[in-house]
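Top to bottom, those sequences are chains A and B.
Following this note's numbering, the numbering of the first sequence begins with 77 at its first residue and continues without gaps.
Following this note's numbering, the numbering of the second sequence begins with 4 at its first residue and continues without gaps.
Certain hints may be false.
[Said to hold, decoys possible] Ranges between beta-carbon positions, derived for each pair:
#1 A:P603 <-> B:A24: 45 to 51 angstroms
#2 B:D121 <-> A:G139: 38 to 44 angstroms
#3 B:V27 <-> A:E141: 37 to 43 angstroms
#4 B:D75 <-> A:D279: 42 to 48 angstroms
#5 B:A268 <-> A:C542: 55 to 61 angstroms
#6 A:P145 <-> B:R258: 37 to 43 angstroms
#7 A:P145 <-> B:D121: 54 to 60 angstroms
[Unchecked claim] For the chain B half of the interface with chain A, some residues (derived, Cβ under 7 angstroms), not all of them:
#8 C52
#9 I101
#10 L102
#11 F106
#12 A109
#13 E157
#14 L239
#15 G241
[To be verified] Output of the computed footprint for chain B on chain A, the stretches with three or more beta carbons under 8 angstroms from beta carbons of chain B:
#16 233-243
#17 416-427
#18 544-552
#19 560-572
Think of the hints as simulated: they come from the structure by calculation, not from any bench.
Computed from a predicted structure; not experimentally measured.
Beta carbons are placed, not taken as given, at the ideal position from N, Cα and C, and that holds for glycine.
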Amino acid sequence: MSHAPVLEHAPPRGFLRTHVFSVDHKVIGKQYLDLALVAVCTGMVLSWLMRLHLAWPTLSIPGLEKLSPNGAAGGVITPEYYLSLMTMHGTIMVFFVLTTAPFAGFGNYFLPIQVGAEDMAFPRINMASFWVTLVAFLVLISSFFVHDGPALSGWTAYAPLSAVGKDAGPGQGAGQTLWAVSIAIFCVAQLLGALNFIATTLDLRTRGMSLARMPFSTWAWFITAVIGLIAFAVLMPACILLILDRVAGTSFFIPAGLVISDRLQPHAGGSPLLWQHLFWFFGHPEVYIAILPGFGIISHILPVFARKPLLGPRAMIGCLIAIAFLSYTVWGHHMFLSGMNPFSATLFSVPTLIITIPATIVTLLWIGTIYGAKLRFTTPALFCLGFVSVFVSGGISGFFLAQPSTDVYLHGTYFVVAHFHFVMGVAAMFGIFAGTYFWFPKMFGRLMNETLGKWHFWLTFIGVYCVFMPMHYLGLAGNVRRYSAFTDDYLKPLIPLHQFITVAALFTGAAQLIFLFNLLRSRFRGPKAPANPWEATTLEWSTTSPPPFDNFGGHPPVVQRGPNEYGVKGAAGDYVMQAAP
Amino acid sequence: MGKLFAVVLTIITVVSTAIFATRVWWLPTDISLHGPRIDHQLVETMVSCGVLFVVSQLSLAAFAWRYGDRRDGRPVKAFPGGATPMVVMAVVLVGAEILALTFVGAKLWAGIYQTPPDPNSLAIDVQAEQFAFYFRYPGPDGKPGATHPELMNEATENYFGLDPAHDTTARDDIVVPTLTIPVNRPILLTLRAKDVNHAFYVPELRIQQDFVPGLAIPLHFTAVQTGKFEIVCTQLCGLGHYNMRAYVEVMPQDRFDEWLKEKVAQQ
Numbered sequence: 077m078s079h080a081p082v083l084e085h086a087p088p089r090g091f092l093r094t095h096v097f098s099v100d101h102k103v104i105g106k107q108y109l110d111l112a113l114v115a116v117c118t119g120m121v122l123s124w125l126m127r128l129h130l131a132w133p134t135l136s137i138p139g140l141e142k143l144s145p146n147g148a149a150g151g152v153i154t155p156e157y158y159l160s161l162m163t164m165h166g167t168i169m170v171f172f173v174l175t176t177a178p179f180a181g182f183g184n185y186f187l188p189i190q191v192g193a194e195d196m197a198f199p200r201i202n203m204a205s206f207w208v209t210l211v212a213f214l215v216l217i218s219s220f221f222v223h224d225g226p227a228l229s230g231w232t233a234y235a236p237l238s239a240v241g242k243d244a245g246p247g248q249g250a251g252q253t254l255w256a257v258s259i260a261i262f263c264v265a266q267l268l269g270a271l272n273f274i275a276t277t278l279d280l281r282t283r284g285m286s287l288a289r290m291p292f293s294t295w296a297w298f299i300t301a302v303i304g305l306i307a308f309a310v311l312m313p314a315c316i317l318l319i320l321d322r323v324a325g326t327s328f329f330i331p332a333g334l335v336i337s338d339r340l341q342p343h344a345g346g347s348p349l350l351w352q353h354l355f356w357f358f359g360h361p362e363v364y365i366a367i368l369p370g371f372g373i374i375s376h377i378l379p380v381f382a383r384k385p386l387l388g389p390r391a392m393i394g395c396l397i398a399i400a401f402l403s404y405t406v407w408g409h410h411m412f413l414s415g416m417n418p419f420s421a422t423l424f425s426v427p428t429l430i431i432t433i434p435a436t437i438v439t440l441l442w443i444g445t446i447y448g449a450k451l452r453f454t455t456p457a458l459f460c461l462g463f464v465s466v467f468v469s470g471g472i473s474g475f476f477l478a479q480p481s482t483d484v485y486l487h488g489t490y491f492v493v494a495h496f497h498f499v500m501g502v503a504a505m506f507g508i509f510a511g512t513y514f515w516f517p518k519m520f521g522r523l524m525n526e527t528l529g530k531w532h533f534w535l536t537f538i539g540v541y542c543v544f545m546p547m548h549y550l551g552l553a554g555n556v557r558r559y560s561a562f563t564d565d566y567l568k569p570l571i572p573l574h575q576f577i578t579v580a581a582l583f584t585g586a587a588q589l590i591f592l593f594n595l596l597r598s599r600f601r602g603p604k605a606p607a608n609p610w611e612a613t614t615l616e617w618s619t620t621s622p623p624p625f626d627n628f629g630g631h632p633p634v635v636q637r638g639p640n641e642y643g644v645k646g647a648a649g650d651y652v653m654q655a656a657p
Numbered sequence: 004m005g006k007l008f009a010v011v012l013t014i015i016t017v018v019s020t021a022i023f024a025t026r027v028w029w030l031p032t033d034i035s036l037h038g039p040r041i042d043h044q045l046v047e048t049m050v051s052c053g054v055l056f057v058v059s060q061l062s063l064a065a066f067a068w069r070y071g072d073r074r075d076g077r078p079v080k081a082f083p084g085g086a087t088p089m090v091v092m093a094v095v096l097v098g099a100e101i102l103a104l105t106f107v108g109a110k111l112w113a114g115i116y117q118t119p120p121d122p123n124s125l126a127i128d129v130q131a132e133q134f135a136f137y138f139r140y141p142g143p144d145g146k147p148g149a150t151h152p153e154l155m156n157e158a159t160e161n162y163f164g165l166d167p168a169h170d171t172t173a174r175d176d177i178v179v180p181t182l183t184i185p186v187n188r189p190i191l192l193t194l195r196a197k198d199v200n201h202a203f204y205v206p207e208l209r210i211q212q213d214f215v216p217g218l219a220i221p222l223h224f225t226a227v228q229t230g231k232f233e234i235v236c237t238q239l240c241g242l243g244h245y246n247m248r249a250y251v252e253v254m255p256q257d258r259f260d261e262w263l264k265e266k267v268a269q270q
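Take the sequences, apply the hints, and build the full model.
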């Protein structure tokens, strides 16, 4: 633990150094969040286009032809363009929203403040990680403008479809290469970020901030960084191998004897399953990279509005560590039916089911925290409760997919789509919303509008259930995912349900405009925020809103206690701050 | 606000559960020998997960109702017994559920995917390609001809790359676009992909398996009902993925024998 001043850099001068190429973790955190905002708007518009096409396949969407003259001639989405929209939706959401916002965004801004540091351990590397992420995003978006369109082999980019190049059809040209390049670049940024998070947590904690006194959100970001360090270190070489297969004639993922478009492919010796193993070795931990910061944020925020300590703080941290460890033992559950040895399916099924134990415990701890509380129903509190609800809904369907014997039927259907959207999409988004409403006053020194926030919550909460719960029913009826139209006889009776989901998705998407308006308006016109508007205990609330450049005005706080001191009898108010003498 | 949250969440929970319970949308009727056990495992999982779902959501709703916006001046109170009983309960109950599911489920899975096929199975080769399935029966000699990727050609309909000019075993091979099988007879499919990943999925047969280029993957099942059912691809394989399908036609043994005879005569 370091007690001496950790950084010697003075506040920067000039607009560029202050707001653009800044080494200040707070500016970088906001830049990540702004990037995630642009990405989430893009990803959501893509999902609207997909949903419209699924419900009304011949619908002409005005203006779409301009974006893609080939993919949407006359505004009608072609099957291949549908798959491109789907691939880009998944990639943008998973990498540039669910990884970027809750981990890199909030983590960058608040981890150093919560441990009482002046900045991240390596501020320049921190700045580099953001700019590298931005480059990765721009590379990905640029694939919309290449001749045969963006990649279409899904966010999982299964080889050999993704590896053999143009012969495999549209979307397998430059678009797919740009996809792999973008993800490889993204991995670099994440590795740099993860190193910084780990070093900062271990080395820059202020006096008195023992590991046991760290806020739950800090714990979650730290554990997520450890997961990311291992996961992205595998995905990056996998992407490089994929790029080599595509452009350098190697055959890492391509076996001999493939005939595509009547042409015998000049490859031999590769394994398509190798890509799946490498991808899912990253891909499953990635689910936890998306959701663990949400766990931390909810565990951090819920006690503030319950006005009582989080139930079982040590159990909570133990569960986070257990989940992180188990996340590396379960990747094969994505591959039960992949052609991998069926013996290993049982082997991967058991840890997958075991991971439900810590997941159940954390849920019970949150619900138990609400018991006997004095709940203050602010917008962040509502999103916390919503998080618990949608996480339960999404987590439970995992039981069906974790068992090879039931996965036989449900694999590849909308049941899977429902599961992962609830558990890592919607739940993580609720964590992001809770974090935004909670920390906005600290970040911008202004309060968000509570009435608009509550409208946003109610419409979103009801909306997401209308969108994603019916997808379970589709899955049970055998509705296959990744279809751009339902021409199969047995799928036709399900089209009305798809139309319902589309209407609900448009409605829920429109409700996000309330959030966007509130966010932008409050940033400039919201009422001034006090230093600690929510009466919270952690260090970020001991400093001004927004904090000064070095976070604590040259006086690093000395921590006296843990973050969980709510409902304290005899205290002024009902809480004691971590740095209070 | 707490009461409103409780009411909304209760409505969501009740409506969602009711739709599951009344099976408004449900699995199609099973036509396979192993299917009833899969359906049973699915229903077992559904019931235990349903209980967990309803109990968790309703306790969340109840606590939000009871402890929301309290102005009664009473202090907050801790959960009775603290976290330990909760942790123990979760480990024991969820652990027991996992053991039960794994014990039954692993046997069930092993019965389908890890057991060797019946030696009397009817062996059929399946070739998946962008965006169709083709099925090959070995013909009267009982031997399938060798496949040669360089001979695969769409225009000449040589989907398997057979070489009847030089390979006598290939001459009587029967290649059809519909999987025709007799009822109540074990079937052994060998799945091969010509180009990219595909998958074989027949919801009514409760069976699904990926095709992987470079691998020959065995898949066996027995259909116990006659009829015509769709085979769909569930592994993203390119632009025509949504349209990649074939049919499986299950017929009585005598009709199947006739069909096979007809096909042999056409060779």
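Comparing the hints with the structure gives:
For P603 of chain A paired with A24 of chain B, a C-beta distance near 48 angstroms keeps the hint of 45 to 51 angstroms intact. Evaluation of the 38 to 44 angstroms hint for D121 of chain B and G139 of chain A yields a failure: the beta carbon distance comes to about 59 angstroms. At roughly 39 angstroms, the beta carbons of V27 of chain B and E141 of chain A sit within the given window of 37 to 43 angstroms. Between D75 of chain B and D279 of chain A the C-beta distance comes to about 47 angstroms, which sits within the given range of 42 to 48 angstroms.
Restraint check, A268 of chain B to C542 of chain A: a C-beta distance of roughly 57 angstroms satisfies the suggested window 55 to 61 angstroms. In this structure the hint that P145 of chain A and R258 of chain B lie 37 to 43 angstroms apart at CB is violated, the actual value being about 52 angstroms. Here the CB-CB span from P145 of chain A to D121 of chain B is close to 55 angstroms, well matched to the stated 54 to 60 angstroms. Restraint check, C52 of chain B versus chain A: the minimum CB separation of about 5 angstroms is within 7 angstroms; hint holds.
For the restraint placing I101 of chain B at the interface with chain A, the shortest Cβ-Cβ distance is roughly 4 angstroms, inside the 7 angstroms limit, so the hint holds. At a threshold of 7 angstroms, the smallest CB-CB gap from L102 of chain B to chain A is about 9 angstroms, leaving the interface hint violated. With 7 angstroms as the threshold, the beta carbon of F106 of chain B stays out of range of chain A, its nearest partner Cβ sitting at about 11 angstroms, so the hint is violated. With 7 angstroms as the threshold, the beta carbon of A109 of chain B comes within range of chain A, its nearest partner Cβ sitting at about 5 angstroms, so the hint holds.
The interface hint given for E157 of chain B is met, as the beta carbon of that residue sits about 6 angstroms from the closest beta carbon of chain A, less than 7 angstroms. Using the Cβ-Cβ criterion of 7 angstroms, the hint placing L239 of chain B at the interface with chain A is satisfied: the shortest such distance is roughly 5 angstroms. Because the closest C-beta pair between G241 of chain B and chain A is about 5 angstroms apart, less than 7 angstroms, the hint holds. Using a Cβ-Cβ cut-off of 8 angstroms, 4 residues of the region 233-243 of chain A lie near chain B, which meets the minimum of three, so the contact claim holds.
By the rule of at least three residues with a Cβ nearer than 8 angstroms to a Cβ of chain B, the coverage given for the region 416-427 of chain A holds, with 6 such residues. For the region 544-552 of chain A, the proposed coverage by chain B is satisfied: 5 residues have a C-beta within less than 8 angstroms of a C-beta in that chain, meeting the threshold of three. With 8 residues having a beta carbon nearer than 8 angstroms to a beta carbon of chain B, the region 560-572 of chain A meets the requirement of three or more and the stated coverage holds.
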